[in-house]
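> Guided by the hints, dock chains H and Z onto chain V, whose structure is given.
Residue numbers (the numbering used here), protein chains in the order written: chain V, 14 to 390; chain H, 7 to 242; chain Z, 1289 to 1579.
Honestly, the hints are just simulated from the structure, not real lab data. Since the structure is predicted, the reported quantities are computational estimates derived from the model, not experimental observations. A virtual CB, placed ideally from N, CA and C, is assigned to each residue, including glycine. One or more of the hints may lead you astray.
[Unchecked claim] Below 25 Å or equal to it, Euclidean Cα-Cα: the simulated BS3-like pairs (lysine-lysine) are:
no. : chain 1 : residue 1 : chain 2 : residue 2
1   : Z       : K1416     : Z       : K1573
2   : H       : K110      : H       : K157
3   : H       : K110      : Z       : K1416
4   : Z       : K1448     : H       : K110
5   : H       : K157      : H       : K78
[What the hints assert, rightly or not] Cβ pair distances, simulated, as ranges:
no. : chain 1 : residue 1 : chain 2 : residue 2 : range
6   : H       : R96       : V       : V327      : 49 to 55 Å
7   : H       : P23       : V       : Y174      : 56 to 62 Å
8   : V       : P127      : Z       : S1549     : 31 to 37 Å
[Claimed, not checked] Listed below are several chain H residues computed to face chain Z (Cβ distance under 10 Å; list not exhaustive):
no. : residue
9   : M7
10  : T56
11  : F58
12  : S63
13  : L83
14  : G91
15  : A94
16  : N102
17  : Q108
18  : K110
19  : V112
20  : L153
21  : L155
22  : Y181
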Amino acid sequence: MTTQTTPAPPGTAGAATPPRPRSLADAGRWLAHPGRPTSALMGLALFGGALWAAFGDPFINLIGQSCVVYAVAAIGQSILMGSAGQVAFSGGAFMAVGAFATGMMAGTPLEPFPLPLLLSAVVGWVIGLISGLPGLRFRGLYLLLASLALQFIVLSVAKMYQAAYHPAGVVVPLLHIGSLDLSSGQSLYVTLLVILALVYAATWAVERTGIGLAWRAIRESEVAAAVSGIDVTRWKLYAFAASGAVTAMAGSLFAYLVGRADYQSYELTLSISLITMIFIGGIRSRLGALVGAVVITTLPYILQNNLSDWLSTVGLDADWYTSHQSQVNAGLFSLLFLLVVLFEPHGIEGLLHKAERAVRRVVGALLRRRRTEGSPA
Amino acid sequence: MTALSVRDLRVSYDGVPAVHGYAVDLAPGTLTVILGRNGAGKTSTLRGITGFLAHESGVSTGTITVAGTTVKRPSPLRLSRLGVGLVAERDKIFANMGVVDQLKLVTSRRADLDEVLGFFPRLRERGTVRAGLLSGGERQMLATALLLLRKPQVLLVDEMSLGLAPGMVRELMGYLRRLADERGLTILAADQSVHASLRVADVVQVMDSGTVVAAGPLADLDVDAILDTYLGRAER
Amino acid sequence: MNVFAQAVEGSIVTGSIYGLLGVGFALLFRASKVLSFCQGGFMLLGAFIFYDLQTPTGQPFLLSVLITTVTVGVFSGLVYLVVFARVAAREAFATSVATIGLSGVLQAIVAVRYGTAPLSLPDVVSGKAFRVLGAVVPTADIVAVAMTVVVVVALVVMLKFTPLGQRMNAVADNASLSEHLGISAARVAAIAWALAGATAALAGIAFSLRSSVDPVGVANVGLFAFPAIILGGLDSVGGALLGGIILGTVQNVVQVVFGASWVDLVSFAVMLGILLVRPSGIFGKTEVVRL
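In isolation and in its complexed conformation, chain V is listed as follows:
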């Protein structure tokens, strides 16, 4: 996976991007560009993790599936947050939209995969577009409130629909393409991974075009963007629509994964988890969103398996943890969310960037010293 352009540090703004590497030396120079090592590291880690999950035991496989689905959702949210610079609490609502759209297709001519997935994207696009209309006037806090309202409104509708027609949740048919059963295990995992790769590639490609530039300009300063002739309204609406479409697709995939669409899975806590993923990985890039998704998805399992042991080694009583596991996990998540948003909004990517800069300084100083000392006589 190639990288998303990360913002260049001051001084390098306007420096020409090095051409694609053609030899090993070229590759080295290409990698040395600020930000690239971090992205390369993150990309490699994700790639390695993806492979491990593909060939690991069924449990790892399952976690991998969840990671991939949330990764798609995280990309969807990051289009809005990282590109247009907005924070929204409606992630859960859009996933619900996709999930329920998928479920409602069961038994209709539109049931065969991937039609429900595409339909979810379309519905997500439309609703995203509509939700973007108030977003045109709003920024910041007002958008936050509007998205909160949207979250509750959509969830209410879903809840009422479910209560009326499918009390146990809307059943979603098993994932299969023709006679090829992809509904579980490795085959499902690979299918999801393929979809994620397509979504990532599409987003990456769009970012490279004028649309991506427009989004970045709008994020930096709407006024300056408008003055430069960017049709702020149109691109902002597209950001909302695209975000809605991708997040809805993630919801559809989640429904396939779980087998049903149940409104309880898509409440405000999910929206907050999605925001946490973006902040933890790094709001600036899609790669950051992926890393964040993996971290947040795997964290409960890691804690579940290891926290009691860690507490015991430190000498603390682990009983209260095991008996209240879900609440403590939820609390720890909230704490993590709080700390990341307040103190390190660039998350893991930001930390890696800092480390990279520190390494650069050290290496740079060493090289300079060798040069000035000259070769030993």
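This is chains H and Z only, laid out in the frame that chain V set:
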């Protein structure tokens, strides 16, 4: 002892430097003016002295000494308690409060209120008006009055002539001169109105691109040369 | 029993609880420019501390109320000073988002300590009920409304007539100028947060007098108060109460006419509508829109 000393003040925003090592010694009761074009770094300098940059993601380093007391990490609150006040460039009044009400916010002593209103009679006329409705010149007077009620030793005034007619600018400059002469206030003002400033200043500093390029008592400076080189002939 | 009168009574009581939450919210929003999503969390804390003081043996009512509100208020003020203050001065928006995390932490703490099952208070105030204009009014409801009225009146008086109130108005108007004039914006904001925590705790107490309390349900009330807050205007103390009563009325009407499952939908649709049409609410100042 100087009323205010600044050593090696450096200000940067997001890593981009705006002020490259500013220094000054203000003698008590003098009026010093920093002249310079837009973007020369004047406002950043004054904000750096009071530590007013936190709100704008700016970073400043340097040593500020107020009447012998050294402050390593200035903040508006700390400097206010040491007797240094800043009349800011924007947002300098409480827009939603009446004129006299906000003056009363700073002090409840009748004598002080009367005195400051006596100095700025126009404010007394506009007593109950919401400050947001005042004219530019009146706002500047109110902002100065608010700070005067704190009985400062040093007054920093940032770009007070912005958007004001020349007559009003001269009037306000006259007030500054009176404050220095009648009350012994030490004043450091950053401004772009060269003509009006030169009429009242004791000491002049000329700033360009974050550095002081010429400084000294007014009498010692070749004003014409400065005007030509740094401030443009049109300023005459 | 007059159905209409009873509905009005219910609206006033629900409205009072929303009003208590909203009034504190308006205070802290004005003083710190932070949109706090954790009033629900403080409400939760208040409800459960009060519960602790009332079971197994009941402490005197007023004393319990005092202890609860002071504890939560002090906690809220300290939390602001220690966790949020520095960031809030630069990034009010990020701080607003972060308050959701605080709410989650408080919820988790309460859930671990008390469990997630609903708890009911023993009869704290007399179980007597009065007939007022055709409606049955339990003592608990009178207490809730009385607390709200006292609090709102006290706050309005404080803001208008006391030096602290004037300092709060100054900081709300222009925080940096206040600092240049020797008023510590951080301290004023911390006091506002403390007051907001206290009113949220009172809301929690009022709530617990009428229904059983569970961590999720009570914390959610904090979110459901947002339509009321938006209605009244984010920065209006008096507006928050009025917004609360209007919302309470709307909710009651919807519940009676369409059924309980429609209440959330309509409440937030109203909120969205207000945001679109008149974002500053009924009493807020229009400058607020430029957030």
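> Per the CB criterion, is K110 of chain H less than 10 Å away from chain Z?
K110 of chain H check passes; min Cβ-Cβ to chain Z is 8 Å, inside 10 Å.
> Using the nearest Cβ pair, does L155 of chain H come within less than 10 Å of chain Z?
8 Å, holds
> For the range 31 to 37 Å, tell me whether the beta carbons of P127 of chain V and S1549 of chain Z fit it or not.
Taking Cβ atoms as reference, P127 of chain V and S1549 of chain Z lie about 33 Å apart, which means the hint holds.
> Given the range 56 to 62 Å, decide if the beta-carbon distance of P23 of chain H to Y174 of chain V lies inside it.
59 Å, holds
> Checking one constraint from the list: CA of K1448 of chain Z to CA of K110 of chain H, max 25 Å. Satisfied?
13 Å, holds
> Between K1416 of chain Z and K1573 of chain Z, is the straight-line Cα distance small enough, at 25 Å or below?
Outside the cut-off at roughly 43 Å; violated.
> The hint names L83 of chain H as touching chain Z; please verify it with the least Cβ-Cβ distance against 10 Å.
5 Å, holds
> Does G91 of chain H meet its interface restraint, that is, does its C-beta lie within less than 10 Å of any C-beta in chain Z?
Where the cut-off is 10 Å and the nearest Cβ of chain Z is about 6 Å from G91 of chain H, the hint holds.
> If you draw a straight line from the CA of K110 of chain H to the CA of K1416 of chain Z, is it 25 Å or shorter?
Violated: K110 of chain H and K1416 of chain Z sit about 50 Å apart, past 25 Å.
> Is the interface hint for V112 of chain H satisfied, with its Cβ closer than 10 Å to some Cβ of chain Z?
Holds, about 6 Å.
> Please work out if K157 of chain H and K78 of chain H have their alpha carbons no farther apart than 25 Å.
This hinted pair holds, its Cα atoms lying about 23 Å apart.
> With a cut-off of 10 Å, does the beta carbon of Q108 of chain H approach a beta carbon of chain Z closely enough for the hint to hold?
Where the cut-off is 10 Å and the nearest Cβ of chain Z is about 7 Å from Q108 of chain H, the hint holds.
Hints 1, 3, 9, 22 from the earlier list are contradicted by this structure; the remaining hints agree with it.
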